[in-house]
Every structure is written in C-alpha cells, then in structure tokens.
Amino acid sequence: TFSLTPLRKAHRGPVAQDPAVVLNKLSISDSPPPSRDHSSRAEVDNENSPMLPVAMTPRSSKRKSAQLVSSRIRKQLNLLDNQQDLNSDGEDEDEFVPSKKEMQSSSEDDDGEEEAELHSDEEVVLKKGRRAAAGSRTPRSRQKTQSSTRTPRKTPNKKVKVRQPENSTSHRVLFFSPLLSEQITPSTPRTPRGATPSIPCRSLPARQPANVLEEARTRLHVSSVPESLPCREQEFQDIYSFVESKIMDGTGGCMYISGVPGTGKTATVHEVMRCLQHAADVDEIPPFHFIEINGMKMTDPHQAYVQIQQKLTGQKATADHAAALLEKRFSNPAPRKETTVLLVDELDLLWTRKQNVMYNLFDWPTRRHARLVVLTIANTMDLPERIMINRVASRLGLTRMSFQPYSFKQLQQIITSRLNKVKAFEEDALQLVSRKVAALSGDARRCLDICRRATEICEHSAAEPSATGLVGMSHVMEALNEMFSSAYTTAIKCASVQEQLFLRAVIAEFRRLGLEEATFQQVFVQHQALCRVEGLQPVSVSEGLAVCQRLGACRLLLLEPSRLGVLQRIRINVSQDDVLYSLKAD
Amino acid sequence: MHVMFSKAVTEGGLVVGGLRRRAELQDYALDSALSWSRSGWWGGRVGFRVTMSKRKMTDAHLSVEECVTQVQEILRERFCRQQLPDRLEGLEAQHKHLLELLRRTAVHGESNSVLIVGPRGAGKTMLLKCVLRDLLEEKEVQKNLLQVHLNGLLQTDDRIALKEITRQLHLENVVGDKVFGSFAENLAFLLEALKKGDRSSSRPVLFVLDEFDLFAHHKNQTLLYNLFDVSQSAQAPVAVVGLTCRLDVLELLEKRVKSRFSHRQIHLLSGTTFPQFLQRVRMQLSLPDDFPDKEFARDWNTGTLCENKSVEEALQRHFNSSKDFRSMNALLMFCLSRVSATKPAVRPADLLEASRLCFCDAKANMLHGLSILELCLIIAMKHLNDVYEGEPFNLQMVHNEFKKFLQRKSNSMYNFEQPVIMKAFEHLQQLELIRPVDGSSAKTQKEYQLMRLMLDHSQIMEALQKYPQCPTDVKQWAMSAFG
Numbered sequence: 001t002f003s004l005t006p007l008r009k010a011h012r013g014p015v016a017q018d019p020a021v022v023l024n025k026l027s028i029s030d031s032p033p034p035s036r037d038h039s040s041r042a043e044v045d046n047e048n049s050p051m052l053p054v055a056m057t058p059r060s061s062k063r064k065s066a067q068l069v070s071s072r073i074r075k076q077l078n079l080l081d082n083q084q085d086l087n088s089d090g091e092d093e094d095e096f097v098p099s100k101k102e103m104q105s106s107s108e109d110d111d112g113e114e115e116a117e118l119h120s121d122e123e124v125v126l127k128k129g130r131r132a133a134a135g136s137r138t139p140r141s142r143q144k145t146q147s148s149t150r151t152p153r154k155t156p157n158k159k160v161k162v163r164q165p166e167n168s169t170s171h172r173v174l175f176f177s178p179l180l181s182e183q184i185t186p187s188t189p190r191t192p193r194g195a196t197p198s199i200p201c202r203s204l205p206a207r208q209p210a211n212v213l214e215e216a217r218t219r220l221h222v223s224s225v226p227e228s229l230p231c232r233e234q235e236f237q238d239i240y241s242f243v244e245s246k247i248m249d250g251t252g253g254c255m256y257i258s259g260v261p262g263t264g265k266t267a268t269v270h271e272v273m274r275c276l277q278h279a280a281d282v283d284e285i286p287p288f289h290f291i292e293i294n295g296m297k298m299t300d301p302h303q304a305y306v307q308i309q310q311k312l313t314g315q316k317a318t319a320d321h322a323a324a325l326l327e328k329r330f331s332n333p334a335p336r337k338e339t340t341v342l343l344v345d346e347l348d349l350l351w352t353r354k355q356n357v358m359y360n361l362f363d364w365p366t367r368r369h370a371r372l373v374v375l376t377i378a379n380t381m382d383l384p385e386r387i388m389i390n391r392v393a394s395r396l397g398l399t400r401m402s403f404q405p406y407s408f409k410q411l412q413q414i415i416t417s418r419l420n421k422v423k424a425f426e427e428d429a430l431q432l433v434s435r436k437v438a439a440l441s442g443d444a445r446r447c448l449d450i451c452r453r454a455t456e457i458c459e460h461s462a463a464e465p466s467a468t469g470l471v472g473m474s475h476v477m478e479a480l481n482e483m484f485s486s487a488y489t490t491a492i493k494c495a496s497v498q499e500q501l502f503l504r505a506v507i508a509e510f511r512r513l514g515l516e517e518a519t520f521q522q523v524f525v526q527h528q529a530l531c532r533v534e535g536l537q538p539v540s541v542s543e544g545l546a547v548c549q550r551l552g553a554c555r556l557l558l559l560e561p562s563r564l565g566v567l568q569r570i571r572i573n574v575s576q577d578d579v580l581y582s583l584k585a586d
Numbered sequence: 001m002h003v004m005f006s007k008a009v010t011e012g013g014l015v016v017g018g019l020r021r022r023a024e025l026q027d028y029a030l031d032s033a034l035s036w037s038r039s040g041w042w043g044g045r046v047g048f049r050v051t052m053s054k055r056k057m058t059d060a061h062l063s064v065e066e067c068v069t070q071v072q073e074i075l076r077e078r079f080c081r082q083q084l085p086d087r088l089e090g091l092e093a094q095h096k097h098l099l100e101l102l103r104r105t106a107v108h109g110e111s112n113s114v115l116i117v118g119p120r121g122a123g124k125t126m127l128l129k130c131v132l133r134d135l136l137e138e139k140e141v142q143k144n145l146l147q148v149h150l151n152g153l154l155q156t157d158d159r160i161a162l163k164e165i166t167r168q169l170h171l172e173n174v175v176g177d178k179v180f181g182s183f184a185e186n187l188a189f190l191l192e193a194l195k196k197g198d199r200s201s202s203r204p205v206l207f208v209l210d211e212f213d214l215f216a217h218h219k220n221q222t223l224l225y226n227l228f229d230v231s232q233s234a235q236a237p238v239a240v241v242g243l244t245c246r247l248d249v250l251e252l253l254e255k256r257v258k259s260r261f262s263h264r265q266i267h268l269l270s271g272t273t274f275p276q277f278l279q280r281v282r283m284q285l286s287l288p289d290d291f292p293d294k295e296f297a298r299d300w301n302t303g304t305l306c307e308n309k310s311v312e313e314a315l316q317r318h319f320n321s322s323k324d325f326r327s328m329n330a331l332l333m334f335c336l337s338r339v340s341a342t343k344p345a346v347r348p349a350d351l352l353e354a355s356r357l358c359f360c361d362a363k364a365n366m367l368h369g370l371s372i373l374e375l376c377l378i379i380a381m382k383h384l385n386d387v388y389e390g391e392p393f394n395l396q397m398v399h400n401e402f403k404k405f406l407q408r409k410s411n412s413m414y415n416f417e418q419p420v421i422m423k424a425f426e427h428l429q430q431l432e433l434i435r436p437v438d439g440s441s442a443k444t445q446k447e448y449q450l451m452r453l454m455l456d457h458s459q460i461m462e463a464l465q466k467y468p469q470c471p472t473d474v475k476q477w478a479m480s481a482f483g
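From first to last, the protein sequence lines stand for chains C and F.
Residue 1 is where the first sequence starts when you use the UniProt record's numbering, and the numbers rise one by one after that.
Residue 1 is where the second sequence starts when you use the UniProt record's numbering, and the numbers rise one by one after that.
Just so you know, the hints here were simulated from the structure itself, not pulled from any lab data.
Mixed in with the good hints there might be a few duds.
Said to hold, decoys possible - Over 12 Å on every C-beta distance to chain C, these chain F residues come out as not near it, computed from the model: (1) Leu84; (2) Leu278; (3) Lys409; (4) Tyr467.
Claimed, not checked - Simulated pairs of lysine to any residue, SDA-like, Cα-Cα distance not exceeding 25 Å: (5) F:Lys255 <-> C:Val225; (6) F:Lys255 <-> C:Glu426; (7) F:Lys466 <-> C:Gln528; (8) F:Lys196 <-> C:Glu227; (9) C:Lys584 <-> C:Asn481.
Each residue gets a CB set at the ideal place from its N, CA and C atoms; glycine is no exception.
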C-alpha cells in the first residue's frame with residue numbers, strides 16, 4: 001500500500017488549492033471526487049505538494065518502514081524535479097517576456113496596480129503548478145487536466161499548455177527570475193551576475209596554538225563555538241520544546257526573547273537550531289527550514305523582506321516585490337509542507353513608523369497554512385509595550401523569555417567549560433574576573449575578553465622565573481584595570497602646563513559664578529590671573545583658544561563650535577573633584 | 001662670500017656649518033656661476049641634482065649651497081611628511097602591545113579589536129604606521145595581511161564607507177575602481193564574503209578606522225556593529241583598529257556595539273618632561289649619520305640649539321603650551337625656512353622669531369589692518385561692553401558712542417556720514433570681529449540688529465599699541481574708563 005501513496009497524492013494534488021481559487025480557475029470536473037479522501041485532516045496535510053511523500057506529515061514519520069520507503073521516493077522525485085528545472089530554463093524566459101515588461105512598468109509607478117498584476121500572475125502560476133503537478137505524475141490525471149485547459153484565459157495560458165509539466169515551486173521560481181533581476185533599481189549598476197562574495201585565501205597556513213596560554217586564548221575567544229552552552233539549560237529547553245512542538249504540529253507561532261547584550265541569546269537559539277537540525281537529520285522530527293535575519297545587518301527595515309525572500313528561494317527582489325511574494329507564500333499552503341523557522345535578531349531595528357514590517361512578521365505565523373515559527377531577539381524586555389502598536393504587540397503574543405545577566409558562578413562555569421581542562425588560570429584569578437564582570441554587567445563577552453587579555457599579560461611577564469606559567473591574580477588585575485579604569489585622570493596629569501592651568505581657571509570661574517558653565521572670555525580672565533600667580537608669561541587669546549580647543553578635542557571640556565571664538569561657552573565633562581584631585585597629585 | 005661666512009662664525013652662539021675647507025672652496029669656485037643664479041633652495045634643487053651626480057664618486061665634500069639644500073630636503077621630509085622614526089621614544093609598551101595583537105591576527109588568524117586613544121598630535125597614526133612597518137617586515141605577515149584604511153572625515157556615512165571597503169578589498173563586485181550594486185547589496189555582499197571565510201583558511205583583514213568617533217555617529221552604527229560582530233564570531237579573521245582623540249569614545253557606542261567591542265584601549269598619554277622635550281627637539285633638528293658631507297653634519301649637529309638661555313625659555317614656553325609633535329614641527333619649520341646658503345645655521349634669533357610668530361595673536365594682527373574709523377568703532381564697542389557689562393549692542397548705539405567722543409575731545413577725527421559708518425560696520429562683521437546675536441532675526445533693519453564683539457580687551461589694547469600712527473586722542477579715548 002505504501003507504494004501507492006505517492007500516486008494517490010498526485011491525484012489529490014489539484015484539489016488542494018484554496019477553495020476560492022479552485023472554484024474560480026478550475027472547472028469542477030477537474031477535481032477528483034472528494035469521497036476519495038479518508039479524512040479531512042489528510043487533505044490538509046497533503047495539499048499542493050504532489051511530489052512530497054506522506055513521510056513528511058508528523059504522524060506517518062513515526063513509523064520506520066514508512067520513513068525508509070518515502071525517503072527513497074522523495075529522493076527520486078527530487079532528482080526528477082531538478083532535471084526538469086534545467087530543461088525548461090531557456091524556454092521559460094522567452095515565453096514570458098511581455099508579461100515581464102508589463103510587471104516592471106507597473107511596479108514602478110503604482111503599488112496598487114502591482115498588487116493586481118501580482119494576483120493575476122499568481123493565478124497563472126497556480127494553474128501551471130496544478131496542471132503540471134497533475135500531469136507529470138499520473139497519466140490518468142493528465143488527461144483530465146488536458147481536457148480542462150479550456151479556461152477563459154488569453155495567450156500565456158496557451159503557451160503554458162505546450163510546456164513540459166513541472167512541479168509548482170520550480171515554476172514559481174522560474175517565472176519570476178527574469179523579472180526580478182530587471183526590477184532591481186535600474187538606475188544603479190547591478191552587481192555582476194557571477195560575482196561570488198569571498199575573501200582571498202591565505203598564502204601561508206595559519207599557525208596553530210603552540211603553548212598552553214595560546215591554546216587557552218584560542219578557546220577563550222568569543223568566536224570559538226563551545227561544545228555546549230552551560231548555564232542556559234532552562235532557556236535552551238524552553239526554546240527547544242517551543243520550536244519542536246510547532247514543527248511537530250505543523251503550526252506557527254512567535255516568541256520574543258530579551259536580555260542585555262552578551263547573555264547568550266543568539267548563541268542559545270543557534271544551539272537549539274543545531275540540535276533540531278540534528279533531530280531532523282535522523283528523522284526524529286519532520287525537516288524544517290531555518291533562516292536568520294539581523295536588524296543590524298540591513299540598511300533599512302524593508303530589506304528584511306528581501307533577505308527573507310532570498311534565503312527562502314535564493315531569488316533577489318525589491319523590497320515591495322519581496323513583501324508581496326512572501327505575503328503570497330505564507331497565505332498559501334507552504335511548499336512541501338516544510339515548517340520555516342525564522343530568527344529575527346535585533347528586532348528593534350525593524351521598527352518603522354507604520355510598523356508594517358513587524359506587523360507582517362508576526363502576522364504570517366497566524367495564517368492557517370503558513371507553518372512559520374518566528375523567534376525574535378532584542379535587548380529590552382518591554383520592547384513590545386514600548387514601541388509596538390497594539391495590533392503588532394497582540395500578534396507577537398505572550399510567549400516571552402528573558403535572559404538574565406550571568407551571575408558570577410555562571411560566568412566562572414562558562415570559562416571553565418570553555419577552557420575544558422586546559423590548565424591556564426589560577427582558581428582565584430577566575431573568580432576575580434567573574435565576580436568583577438558579574439557586578440558590572442554580567443556580559444560573557446566581557447569576561448572572555450578580560451581573560452584573553454590576562455593571558456597576554458601573563459605571557460609577556462613570563463620572563464620572571466617565579467611565575468608558575470599560570471595566569472594569576474596580578475595579571476587579571478592588570479587586565480581589569482586596563483579595561484575598566486577611566487583615562488581622564490591620567491589625561492589631566494599628562495596635559496601640558498597651560499592646559500592644566502586652564503582647567504583650574506575653568507573651575508575657579510565656575511566657583512565665582514556659581515554656575516556650571518562660563519564663556520571663554522570669563523575663563524580667560526581667570527587664566528591670565530593664574531598665569532601671573534604661577535610666574536608664567538601671560539598667553540595671548542589665540543593661544544588660550546588653542547589650549548581650550550585641545551582640551552575640548554579630548555572631551556575633558558565640552559565646547560560650543562569654535563567659530564564663536566571668545567564667546568563660546570565651556571563646561572567640564574569630568575567631575576570637578578576629579579579634576580582637582582588629578583591636578584593636586586603632582 | 002668669505003666675509004659673510006666668517007661673520008656668521010664670529011657671531012657665535014648657534015652656528016652650524018663652520019669654516020669652509022679649502023677643497024670645498026675650490027669646488028665652490030667651479031660652479032659658482034650656477035650658485036649665483038640660485039636664489040632659494042627650491043631653485044637650487046635642480047642644479048644640485050646635476051652637480052651631485054657628477055661629483056658623487058670623486059668627492060664627499062659638498063659646497064655650502066648643496067649642503068643647505070640637502071639639509072632642507074632631509075629636515076622638511078622629517079617635519080612635514082612625518083617620516084617615521086626608527087624607534088618610538090616613550091611608547092615602547094604601546095608599540096609592543098599593538099604589534100603583538102596585529103601579529104596574532106596575521107599569523108594565527110585571531111580576530112581582534114582595539115582603540116588607540118590619545119590627544120591630537122600625540123603620535124597615534126605614527127604608532128600605527130610604525131607597527132605596520134615592523135609587522136610587514138615579516139614574510140609570513142606580508143603575504144597574508146589585507147588592509148583597509150578608512151577615515152571618518154572622508155567616509156562620512158556607511159554607504160560611502162562600504163564602497164570604500166569593497167574597493168580596497170577588491171571583492172568581485174568591483175570592476176576597475178568602480179563598485180557595483182546598491183547600498184543594501186554592498187552590505188550583504190561584504191557580510192557574505194566575510195562570513196564565508198574562516199579562521200584558518202582566509203586572509204586576515206586589517207580595518208583601520210581613523211577618527212573613529214565619527215563612525216559612531218553613523219546611522220544605527222551599522223558598520224561598527226558589523227565589523228565588531230565579525231571580529232567576535234567565527235568568520236574571516238579581522239582586526240579592527242580605531243584611532244581617536246576622544247577619551248569618552250566608548251560612551252558613544254550603542255550597548256550592543258559596545259558589548260561586541262573587546263574593550264582594549266591603548267592610551268597615548270605621554271608624561272614627557274622638559275628635558276625629554278629638549279632632547280626631542282635636538283633629535284628632530286640633527287642630521288643623520290649618512291649625510292654626504294660628514295664635517296658639515298658634525299658641525300651642524302654640535303652647533304644646533306645649544307645651551308642658550310633665551311632659546312631654552314622660548315622652548316619652555318612652547319612646551320608649557322602643548323606637548324604635541326605637530327606644533328613642535330611647525331615651530332622648527334619656521335626656523336628651518338630661515339636657513340639659507342648665506343646663513344647655514346639655526347641661530348637663537350631664528351628660534352625666537354619663530355616662536356614669536358607661533359604665539360602672536362591672530363585677531364590682534366587683523367586689527368592692524370583696519371582703518372582709523374573701524375578702529376574707533378571697535379573702541380566704542382569696547383566702551384559699550386564696559387558700560388552694559390557685555391550686553392549686545394547695535395549700530396545706532398555704537399554710532400552714538402562715537403559721536404559723543406567726537407563732540408567731547410576729538411581734534412583729529414571728524415564725523416562720518418551714516419552710510420560710511422554702516423559700511424565700516426559691515427566690514428567688521430565680515431571680518432568676524434563682531435557677530436550678530438543668535439536669536440536676532442534677519443528681518444530687523446541692519447542698524448538695529450544686535451551684535452556682540454568677538455574681541456577681548458587685551459587684544460584691542462595690544463593692537464592699539466602697535467597700530468602705526470594712531471592718533472593720540474583715540475588712544476586716550478580707548479584707555480579712559482568710560483567713553
């Protein structure tokens with residue numbers, strides 16, 4: 001009976017369209033009798049994907065033998081598919097030239113018109129898909145289709161009839177490809193077609209770490225992918241079960257993940273995806289498609305559509321067009337019934353005035369057949385309340401998770417697990433780093449960076465024979481000081497005599513005025529007086545201004561634009577006590 | 001010429017060069033015709049090249065002109081082109097830190113990010129260039145490292161910066177010097193390129209961001225986020241080096257950008273003392289050992305800026321004002337430009353004159369060029385400032401003040417027509433000696449537009465002292481307490 005399933009699927013393919021479309025475009029005689037379906041559920045599962053075997057549905061996937069057979073079938077069908085793709089490539093381009101031109105012009109002047117155009121195209125595609133799908137698999141249904149081609153349509157349809165049957169997805173892709181490349185802003189020169197983004201290769205191989213400290217440094221680099229993610233087990237579990245359940249059920253949903261930078265949000269999601277991918281590879285769960293976008297890695301929020309579209313289908317499109325295509329894709333049954341998992345990093349960057357990007361991202365998962373799971377990540381916990389309008393926030397739903405900053409124990413555990421028995425640090429040193437970072441920010445990146453710097457300091461001071469070769473407290477302290485101490489005090493100490501005098505003059509003038517702001521002219525009077533007290537030659541106004549500008553460039557002082565000359569107002573960017581303290585010290 | 005040289009020698013103090021040797025004098029006679037035709041060293045360069053090549057093999061001694069030309073060439077290169085020193089005085093630790101960091105990127109493929117912070121003229125760029133020079137001497141590095149240099153003043157937004165990066169990396173969407181694709185495409189292309197690379201196989205890229213703080217003002221800090229993100233993830237190895245003079249630069253970074261930055265900062269805050277400063281000045285002025293004429297070089301080196309009280313004072317004043325390299329080089333440049341064949345030495349007088357030029361007040365200088373009427377208006381404004389404690393004034397008030405002066409005690413000045421006064425007033429505004437008050441609308445009539453004086457009293461008084469043939473009553477008026 002199993003060998004029969006694909007056939008039956010093919011039969012049922014045509015029925016699977018959205019009822020409205022079916023009624024519109026297809027004569028009733030075209031669809032097989034509904035009595036053939038044993039259950040309505042099956043129909044939902046199998047819609048629009050004649051080439052996909054039953055194995056894809058969650059229920060059947062649980063049976064071993066079914067999986068084996070169906071995977072074999074899937075492989076064969078895929079092969080067949082690809083060949084056909086190649087065959088029909090050129091043909092396709094020729095056929096749709098007029099339609100392409102039409103699209104291009106319309107998309108440029110009017111959105112509404114484009115919508116309309118898209119719809120008509122959509123119909124064409126659907127038809128083709130249906131006919132092709134039906135035709136390719138079963139001789140019986142092909143006859144049926146042929147008989148049904150007398151739909152009230154014009155030229156493109158006629159041409160379609162002549163063409164080789166194909167599967168619906170590839171149709172869509174081929175159909176739009178010439179058009180898309182035309183559409184990308186014709187004024188700017190396009191990226192050459194064959195250009196592959198890549199960095200040239202090294203001529204000499206990279207050197208491998210030679211000693212313990214270097215090895216430790218490599219492991220501690222933020223970029224190195226750890227074997228596991230300690231201290232995020234709970235979050236991992238939650239996200240995993242959320243996504244897994246959605247994939248198993250074939251439904252969609254949204255999740256909002258928040259937390260300050262460096263708390264492992266993105267890393268955890270990636271880890272979840274790796275695990276799920278592994279599970280899908282061994283057929284524990286149905287296969288899914290994972291794509292990722294990042295609000296910071298695009299030039300404008302609407303590019304999100306372009307990137308999603310490109311990652312889903314490999315096709316380029318303008319933002320408007322991509323939005324329309326995605327809209328269509330998610331409002332229709334997903335191709336091959338695959339769940340799509342979409343990770344949206346730095347969500348707050350996708351904010352627009354009308355919030356339509358966010359709206360769409362959260363609206364698609366709610367569509368009946370979309371099978372889209374959206375995981376969003378941002379820094380702020382109350383982002384939905386703060387920046388989203390009600391209809392967007394409501395669609396995002398209440399599935400939220402927040403990543404707390406790491407505690408010092410967790411940070412310590414993270415370092416230890418990364419080092420993984422490479423003995424490079426003293427226990428106390430590790431504890432010091434993690435306590436310090438936990439108190440400041442709980443940012444794991446910071447923690448790793450400090451440890452890495454400490455290994456360098458240790459390596460350079462290793463000339464001393466007393467050292468055990470391990471990174472000790474002193475090294476860590478030095479690294480911490482380098483990274484966290486402010487340079488203002490040193491900067492004031494190292495400033496020239498006149499600069500120091502000027503700072504004193506500013507403070508003296510502030511005290512006299514009782515304000516935290518004074519004009520250069522006022523300060524200059526004080527400066528001249530101080531010069532006389534110190535027994536220095538009084539400086540000219542130009543020189544005084546130059547001194548003032550230098551202090552302003554370091555941001556020890558805050559200044560108005562320098563074209564105001566002696567009238568510019570001055571403030572101090574450091575606390576007065578700090579200035580006095582650093583001036584007194586020497 | 002003989003007379004002139006011996007005079008220069010007997011003047012003593014700071015003589016560089018010394019007596020001519022006989023052999024050289026003979027040489028000198030040979031191409032004296034050529035020498036006479038040279039006026040400055042620019043003119044001299046051409047002739048010098050010719051004679052130089054002719055004589056190179058026969059004689060190491062050069063004539064005075066040639067020596068001076070040579071000196072000018074070497075020192076100008078040093079002062080203006082910022083020729084790199086062989087080793088960095090007082091910056092050894094920073095040099096080592098940066099060198100090690102970049103070497104690890106180049107050799108081990110470890111991604112890094114670092115900021116070099118220091119006041120203007122502290123030698124940030126020089127440090128980086130020195131490190132790169134030393135780094136590129138290693139074969140292993142030379143072949144591997146790709147460099148991208150950006151400057152916040154040139155790449156004023158991410159769009160331009162991305163094009164420039166793509167161009168300098170010679171990615172495949174570059175044809176000739178032209179970068180193809182839109183902004184979004186370029187970003188995607190670059191990120192894809194970097195993402196495809198990995199630690200061990202792709203060539204490390206060094207990004208140098210000069211005026212780093214300006215990049216932080218770009219929209220969303222997209223470029224910084226992406227560069228730092230690449231440096232913290234398993235992609236093509238990069239080293240991001242930012243140069244800035246702002247001490248508060250980290251506060252400019254958004255928190256997610258800041259988290260991705262490694263927080264390494266190299267501060268160039270030198271506690272140079274005055275003896276070190278003097279040493280540095282001498283070093284800058286001294287000739288190298290491979291100078292063609294050994295004796296000339298020795299005389300120059302021993303004679304330059306020796307212990308002279310006034311020189312030391314001038315330098316001390318300069319040191320008190322600022323410690324940076326650039327202003328020191330500017331000072332020495334003034335001295336150098338006064339060295340000529342007739343005076344092949346840097347004398348104390350030269351340095352004092354140069355220091356006077358450096359310290360003179362720009363606005364006071366401008367006042368010397370004003371007409372008496374304009375000067376009178378300035379004085380009237382000064383009195384108004386005294387009376388009204390710095391409140392803004394308009395043309396009518398100034399004119400009234402001026403008229404009061406004329407009525408009371410003027411015998412050398414007479415009244416001018418209103419349009420003449422107006423013209424003078426406008427001229428002062430153009431020179432930016434006065435400027436309109438911010439809020440005042442352009443609609444008000446010119447006579448009533450409120451203005452502020454952009455000069456300090458000391459500047460006005462100083463200018464009056466030096467003003468050629470200033471009438472006494474005007475001077476007295478300026479000095480009197482109230483108009």
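Hints and how they fare:
A cut-off of 12 Å between C-beta atoms confirms that Leu84 (chain F) is not in contact with chain C; the least separation is 23 Å. Consistency note on Leu278 (chain F): stated as away from chain C, and its beta-carbon is indeed over 12 Å from all of that chain's, at 15 Å minimum. Once the 12 Å rule is applied to beta carbons, Lys409 (chain F) is consistent with being away from chain C; the minimum gap is 29 Å. In this structure Tyr467 (chain F) is separated from chain C by more than 12 Å, as the shortest Cβ-Cβ distance comes to about 17 Å.
Between Lys255 (chain F) and Val225 (chain C) the CA atoms are separated by roughly 23 Å; this keeps the pair inside 25 Å, and the hint holds. The suggested pairing of Lys255 (chain F) with Glu426 (chain C) is violated, with an alpha-carbon distance near 31 Å, which exceeds 25 Å. For the hint pairing Lys466 (chain F) with Gln528 (chain C), the CA-to-CA distance comes to about 21 Å; that is within 25 Å, so the pair holds. A distance of roughly 21 Å separates the Cα atoms of Lys196 (chain F) and Glu227 (chain C); the hinted pair therefore holds under the 25 Å criterion.
Taking the CA atoms of Lys584 (chain C) and Asn481 (chain C), the gap is about 22 Å. The hint holds against a cut of 25 Å.
Hint compliance for this structure: hint 6 alone is broken.
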